[in-house]
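Colleague: These are the residues of each chain, in order.
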Amino acid sequence: MTHLEETIYKCWEGNNKAQSELYRLFSRKMYGVCLRYSRDSSDAEDILQEGFVRVFTKIKQFEFKGSFEGWMRRIMVNTALEKFRKHDRLYPVEEMSVYESTEWVDETISSITADELIRMIQELPPRYRMVFNLYAIEGYSHLEIGAMMNISEGTSKSNLSRARMILQKKVTDNFGAEKRIEVKAI
Amino acid sequence: MTVERHPIDQLFKDKLGNFEKNPPVGLMGQIDQQIAFRGRVRRMNQVKAVVGIAAAMVLIVMAGWFTLDQNQFSENKIPAQNHQEQSPIQSSQLKKAVISSNPDKQLLASQQQPGTDRTSNSAGKSNSSATKRHSKTSSSKEKELLTSVSSKKETENSQPQANTTKEEKKTNSGAGTNQKKANPIYFADSFNPNPVTKNPAKGSWIIKAEVSPMFAPQFSGRSSGTKSMSTVSGGMMATYQLNKKVSISTGIRYSEMKQGTHTDYTLSAKSGITYLEPVEKSANISRDVSLYLPSVSSIVYSNGMLPAATTVFASDISQDFKYLEIPVQATYKLVDSKVSVGLTGGFSTNILIGNYASITENGLKLSKGNTDNMRDVIYSGSAGIEFGYGLAKNLMLTVEPRLKQYMHSVSSNEMINFKPLQMGIFTGLTFSFE
Numbered sequence: 016m017t018h019l020e021e022t023i024y025k026c027w028e029g030n031n032k033a034q035s036e037l038y039r040l041f042s043r044k045m046y047g048v049c050l051r052y053s054r055d056s057s058d059a060e061d062i063l064q065e066g067f068v069r070v071f072t073k074i075k076q077f078e079f080k081g082s083f084e085g086w087m088r089r090i091m092v093n094t095a096l097e098k099f100r101k102h103d104r105l106y107p108v109e110e111m112s113v114y115e116s117t118e119w120v121d122e123t124i125s126s127i128t129a130d131e132l133i134r135m136i137q138e139l140p141p142r143y144r145m146v147f148n149l150y151a152i153e154g155y156s157h158l159e160i161g162a163m164m165n166i167s168e169g170t171s172k173s174n175l176s177r178a179r180m181i182l183q184k185k186v187t188d189n190f191g192a193e194k195r196i197e198v199k200a201i
Numbered sequence: 135m136t137v138e139r140h141p142i143d144q145l146f147k148d149k150l151g152n153f154e155k156n157p158p159v160g161l162m163g164q165i166d167q168q169i170a171f172r173g174r175v176r177r178m179n180q181v182k183a184v185v186g187i188a189a190a191m192v193l194i195v196m197a198g199w200f201t202l203d204q205n206q207f208s209e210n211k212i213p214a215q216n217h218q219e220q221s222p223i224q225s226s227q228l229k230k231a232v233i234s235s236n237p238d239k240q241l242l243a244s245q246q247q248p249g250t251d252r253t254s255n256s257a258g259k260s261n262s263s264a265t266k267r268h269s270k271t272s273s274s275k276e277k278e279l280l281t282s283v284s285s286k287k288e289t290e291n292s293q294p295q296a297n298t299t300k301e302e303k304k305t306n307s308g309a310g311t312n313q314k315k316a317n318p319i320y321f322a323d324s325f326n327p328n329p330v331t332k333n334p335a336k337g338s339w340i341i342k343a344e345v346s347p348m349f350a351p352q353f354s355g356r357s358s359g360t361k362s363m364s365t366v367s368g369g370m371m372a373t374y375q376l377n378k379k380v381s382i383s384t385g386i387r388y389s390e391m392k393q394g395t396h397t398d399y400t401l402s403a404k405s406g407i408t409y410l411e412p413v414e415k416s417a418n419i420s421r422d423v424s425l426y427l428p429s430v431s432s433i434v435y436s437n438g439m440l441p442a443a444t445t446v447f448a449s450d451i452s453q454d455f456k457y458l459e460i461p462v463q464a465t466y467k468l469v470d471s472k473v474s475v476g477l478t479g480g481f482s483t484n485i486l487i488g489n490y491a492s493i494t495e496n497g498l499k500l501s502k503g504n505t506d507n508m509r510d511v512i513y514s515g516s517a518g519i520e521f522g523y524g525l526a527k528n529l530m531l532t533v534e535p536r537l538k539q540y541m542h543s544v545s546s547n548e549m550i551n552f553k554p555l556q557m558g559i560f561t562g563l564t565f566s567f568e
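For the record, the sequence lines run as chains A and B.
Taking our numbering, I'd label the letters of the first sequence as residues 16 to 201.
Taking our numbering, I'd label the letters of the second sequence as residues 135 to 568.
Some clues are possibly wrong.
[Unchecked claim] Listed below are the simulated DSSO-like cross-link pairs for lysine-lysine, each with C-alpha atoms no more than 30 Å apart in a straight line:
(1) A:K172 <-> A:K101
(2) B:K553 <-> A:K32
(3) A:K184 <-> B:K553
These are calculated hints, taken from the structure and not from any lab test.
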C-alpha cells in the first residue's frame, strides 16, 4: 500500500493528521486550479476550502479507480461550477468587437508569468472564464461543457471564442504583438 | 488526426496546466472547523428529527388519550342519570335473568330489554347495589353478580324459568357483544360520581415541565485552577403512572456544563496548525483544549505574542458544553397526600450538541474554538427527592433536589478521566391526564 493510499484510508476514519497530510500534498495544486476558476484570491480560497471539506467528507466515495489527484481536481472544478451557478449566472457578458488575433514570438511568451495569465483569466466574465478553463485547460468538449453549465453547445463555442479574443487582446496590449494572423476556429 | 490548438489555448495550457501556488496559511484550520461545524449541524438535524418525531408521537398519544377519556366521560354521564330513573325496570329484568337457565346471557339481555315493572322498589335497590359492587366487563364478576342477586332474590317473588319467552331468548342470543355500550348499569358502574383525586391513578399520563440552575462542586475531578460556572437545565417529561406508588418518566432535557481555567499557555504547531497548549500537562479536561489560532493570529501577534514555541502567556480559558439529555427516570412515592414526597432515580443519554471554548486575556477574547476529544454521547445517572404540592385538580408544583453523575469521562482522551457531578434544584409543574 502506498503512502497516499494509507493516508486516504486514514482519512476515511476522520483522522485529522491524515487530512492535514492530504492537504499538504495537494493544496498547492488545487489552489492553482481554484485560482483559475475564480475572480480573485479570496474567491479561490472559498472554493479551495469548500472543495477540501467535500473531499474529506466524501472521501469514501473514491474507489481507487484512476488518479486521486484527478478525482480531487474534479471536485474542485465542480465546486467552482456550483459557485458560478449560484452567484455568477447573471453576470453581464462583455461585448467584444475584435475578431483578429496575434501570434507572439517565443521571447514574448516566455516573459509572461503564470501569475500574469491567472490575473487575465480572473478578469474574464465568469461564464467565459468557466468555458475557457474547461475547454482549453481541462480538455472537456463543448458537448460536455454544455451539459455541465446547462448551456447549449453553440453557446459554449461562442463563449470560448469571445474568451479567447479578450485574452488575446490582453496579451497583446501587455506584451506586444509581432505580426497579426487570422484565427482559425477549432 | 491531431487538432491544431489555438495559440491562446496553447499558451494558457502550457503555463497554467500544472500551475501551483501556496494557499494562505491557516486554511486547513478553517477546513477542520468547517468539517466539525457541519458534523454538529448534521447531528443536530438528526436530533431535531428524532425529537420532532418523539414529540409528535407524544402529542398524538396524549390527544388520543384525552379524546378517548372525554368520550368515555360523556358516555358515562348519561347512563348514570338513567340508572336511577330506570332502576325499577332493570330490577325486574334482572329478576328474569336470575331465574333463567342461562344466567349470563339472560342477565345481559334482560338489562337491555324494556319491560313491565313486576318487582318491588326494594328489589330494584338491591339489584342496583349489587351491580355497583362489581366491575363492568369481567365475566367472573358477572357470575358473582348473578350469584349475589340470585341468593337475595330466590326468596322473593321469582318467576318460573318457563316465563322467559322465546322472543327474549332470541334477543338475548344476539345481544351479548353490544352489551357494554347499551347497558346503562354497566356504565353507571364505571362512572365515578366523585372523580376528583389528589394523585393520578394507575395508568394515567402526566406531563411535566421543569427547570433548574445547575452547580458542579469543586471536588468533582477538576484541578484547582479550574472553576465551574453555574448553568441552567430544563426540559419536558412525560410520566406514566404504573400504580399509585410507582411512575416512570421520559422526555427531553437541555443541560450544560461550563468551566473556566486560569493558566499558562504556549503556542505550538501540530500538523501545520498553530495551537494554544497549556504548559502544564496534567490530566484534566481543561488541558485538552486546542484552539485554532490562525484566524485570530493577528490579534495574538498584535498583542506582542510571537508564535515561537517558547512564548508563554497567562490567560483565562472558558469551556462550554451543551447537551441534549434523554432521561429515563422512575419515581417511588413515599408520602401521598396534599404534599407528596417521592424518591427519584434514573439514567440519561446525553448527546453533545455544543462545544465552545474561548481564550481571554485581560478582558480581550483572543480566540474561539472548541475542546478536542469530547465524546458525542455519554451516559449519566441521577437521584433525587421530589416534593409535590397540589395546586389544583390536575396541577401540581414540584421541587426536586437532584444529583447527576456522569458515568463516563466526558473526554475520549485516555489521559483524561473527568466524570462531572452536577447538582440542581428542579422546579416543575405537572399536569395529569386522568
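Colleague: Look at each hint and say if it fits the structure.
Modeller: Hint check:
1. Proposed proximity of K172 (chain A) and K101 (chain A) is supported: the alpha carbons are some 22 Å apart, at most 30 Å.
2. The hinted pair formed by K553 (chain B) and K32 (chain A) meets the criterion: a straight-line CA distance of about 28 Å does not exceed 30 Å.
3. A hinted pair counts as satisfied when its Cα atoms are at most 30 Å apart, and K184 (chain A) with K553 (chain B) does not qualify at roughly 69 Å.
In summary, the structure is inconsistent with hint 3 from the numbered list given earlier, while agreeing with all the others.
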